[in-house]
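Visitor: Using the working numbering, read the sequence shown as starting at 185 and increasing by one per residue.
It is worth saying that the hints were derived from the structure and are not from the lab. Don't take every hint at face value.
[Claimed, not checked] Cβ-Cβ distance ranges computed for the label pairs, FRET-style:
1. N223 - P327: 25 to 35 Å
2. D341 - G266: 38 to 48 Å
3. E371 - W296: 14 to 24 Å
None of the values given here were measured: they were computed from a predicted structure. Beta carbons: idealized from backbone N, C-alpha and C, even for Gly.
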Amino acid sequence: MDARKLLVVAAIVAAVGAFVVLNVGEHVSLQSIQAHRGNLLSFYAANRAGTALVFAMAFIVLTALALPVAGILSIAAGAVFGLPAGLMMVVVSANLSAVLTFMLSRYLFRDWVLENIRMYVRITSMGLHHDGVYFLFLLRMTPVPFAIVNLAMGVTDIRTSVFAIVTLVGTIPAFAILVNAGTRVAEIGSMSDIFSTRIVISFALIGALPLLARLCYGRLKRAAVQELSGYNTIS
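Starting from the given sequences, assemble the full structure and let the hints guide the process.
Guide: Structure, rendered in structure tokens:
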């Protein structure tokens, strides 16, 4: 392992270790946000730029490490920054985090990814081969682990710019719901109050629409070609 990989691995281990030792998961919770929302709003009012920067950095680092905090941080963004600003911060931070994980997978940890999440890589490669970026859009609209998608996509031949754009577009609906929920965080009893089964299914159907459109277009195109071929033969 070269020096670059050692440095990155050391940073990851240190960050995860700090997350566990400091018990960040307990502090970054729905109950904690509800209890301390007033203090967070006061701090934000006095330190707008600093609060936004700390939030963005925390979101990028923690989600890049595949720690399960994207949902609760999105709610926190809504509770503190409001819907428009909160959604913009979450979407941009999530996209930067996704690209960071994607790049690490592609250039530093390719062998590790191919060895440890081989099944996900195989499914991702097959999906991209058959359906292109529509498959990535579907993954972003369904509850597939965010970090797993980023890592698996990193070892495919998809362009970074395409990955970033589709991720940006595909994650907006779910993040919008979470951030909006944060604006009324006092009314939320649990995360299940935000994402009902109906909403999850609706997202999956929306994600599948481009694939269905592509399938229908392909069939219509083949039918048109066959029709024209038959017409030319008769002529």
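Visitor: Work down the list of hints and note, for each, if the structure agrees.
Guide: Evaluation of the provided hints:
1. N223 - P327: 25 to 35 Å: Roughly 32 Å apart at Cβ, these two residues keep to the hinted range, so it holds.
2. D341 - G266: 38 to 48 Å: holds (40 Å)
3. E371 - W296: 14 to 24 Å: Between E371 and W296, where Cβ atoms are some 43 Å apart, the hint is violated.
Figure legend: structure checked against the earlier numbered hints; the only hint not met is number 3.
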